[in-house]
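Asker: Next come the chains, spelled out residue by residue.
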Amino acid sequence: GESVGLHLPTLSVQEGDNSIINCAYSNSASDYFIWYKQESGKGPQFIIDIRSNMDKRQGQRVTVLLNKTVKHLSLQIAATQPGDSAVYFCAESLNEKLTFGTGTRLTIIP
Amino acid sequence: DGGITQSPKYLFRKEGQNVTLSCEQNLNHDAMYWYRQDPGQGLRLIYYSQIVNDFQKGDIAEGYSVSREKKESFPLTVTSAQKNPTAFYLCASSIAWDLGNQPQHFGDGTRLSIL
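Taken in sequence, the protein lines are chains L and Y. The first sequence begins at -6 in the numbering used here and counts up by one. The second sequence begins at 3 in the numbering used here and counts up by one.
No lab work stands behind these hints: they were computed from the structure. Note that this is a predicted model, so its numbers are computed, not measured. Every residue gets a Cβ at the ideal spot worked out from N, C-alpha and C, and that includes glycine. Misleading hints may appear alongside valid ones.
Some chain Y residues close to chain L (C-beta under 7 Å, calculated; not the full set) [said to hold, decoys possible]:
id : residue
1  : 44
2  : 97
3  : 105
4  : 108
5  : 109
6  : 110
Examples of chain Y residues lying across from chain L (beta carbon under 10 Å, computed) [what the hints assert, rightly or not]:
id : residue
7  : 35
8  : 39
9  : 41
10 : 45
11 : 50
12 : 54
13 : 72
14 : 90
15 : 93
16 : 102
17 : 103
18 : 104
19 : 113
Here chain L stands alone, though its shape is the one from the complex:
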C-alpha cells in the first residue's frame, strides 16, 4: 500500500501492551472530537468520539481522554494487536466543521 504520511510521528508498541496516542488541538471553542484510524491505501475509519462536556469515553478496547484545560486529547488502545497498525489522527469540530491533525503512525512489534 501507499503511505498517507511520509514524516509522521511514530509510536512503536510491543504486541499485547497498551498504546497511548496523543493529540493537541488548536481551538478552545471546539466542542466535539473524533479519533480515526487509517490503514495504508484506505479511507479513515471512525474509532470513537467525545463531546466537550465529557472528559472520558470508553469503547471496545479503546478509551478517549479529553483535557480541555491544556487542549489535549488522547487515545488509549488496550492490548495492542497487529491489526492495530495504522495511522491514527484526531479531528476537532467547531460549527460542524472538522479540522484534522496530521496523525501518528502506530507500529506493532511482534
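Position chain Y relative to chain L; hints supplied.
Answerer: Same frame as chain L, but now just chain Y:
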C-alpha cells in the same frame, strides 16, 4: 452493506484535462464532503453539501467543482485550473448537518496522479 463507494481507485490526468471522481453513498446521509489528503498534512476540505441541490466551498475549492443532484451522489471534478492535483481524494458523509455534531464516515479514496 451500507457505505460510501468512491471510484475509480486510481486515476491519471493529462495536462489540460478535467477529470471527475465519483462518490456514492447508500447510508441515507444528508451531508457529504470532499477532502484532499497530502503526505504529512491533515485532511483539507474542498467542498461540502448539507443537502441535495446545495453545496458550499471549503478551504481549498479553487480548481475544483461539484454537483449534488441526488442525495446519494456527490461527484468532484478536478479541473485544469488545479495546478497541483496529485493527491489522495476522500469523500465522506454524515447523517445531517443540523443534528449537531455527528461523525463523518469516509470512503476508501481515489488517488489522482498526473501523467
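Asker: Against each hint, give a clear statement of whether it holds in the structure.
Answerer: Tested hints:
1. 44: Given a least distance of 4 Å, the restraint on residue 44(Y) holds.
2. 97: violated, 11 Å
3. 105: Because about 5 Å separates residue 105(Y) from the closest Cβ in chain L, which is inside the 7 Å limit, the hint holds.
4. 108: Holds, about 4 Å.
5. 109: holds, 5 Å
6. 110: Since chain L brings a Cβ to about 5 Å from residue 110(Y), closer than 7 Å, the hint holds.
7. 35: At about 8 Å, which falls below the 10 Å cut-off, the nearest Cβ of chain L leaves the hint on residue 35(Y) intact, so it holds.
8. 39: holds, 6 Å
9. 41: holds, 4 Å
10. 45: holds, 4 Å
11. 50: Check passed: Cβ of residue 50(Y) comes within 8 Å of chain L, closer than 10 Å.
12. 54: violated, 18 Å
13. 72: violated, 21 Å
14. 90: Since the shortest Cβ distance to chain L is 6 Å, the answer is holds.
15. 93: holds, 8 Å
16. 102: Result: holds, 8 Å to nearest chain L Cβ.
17. 103: With Cβ-Cβ at 4 Å, under 10 Å, it holds.
18. 104: Holds - the Cβ of residue 104(Y) comes within 10 Å of chain L, reaching about 8 Å at its closest.
19. 113: holds, 7 Å
Checked against the numbered hints above, the structure breaks hints 2, 12 and 13 and satisfies the rest.
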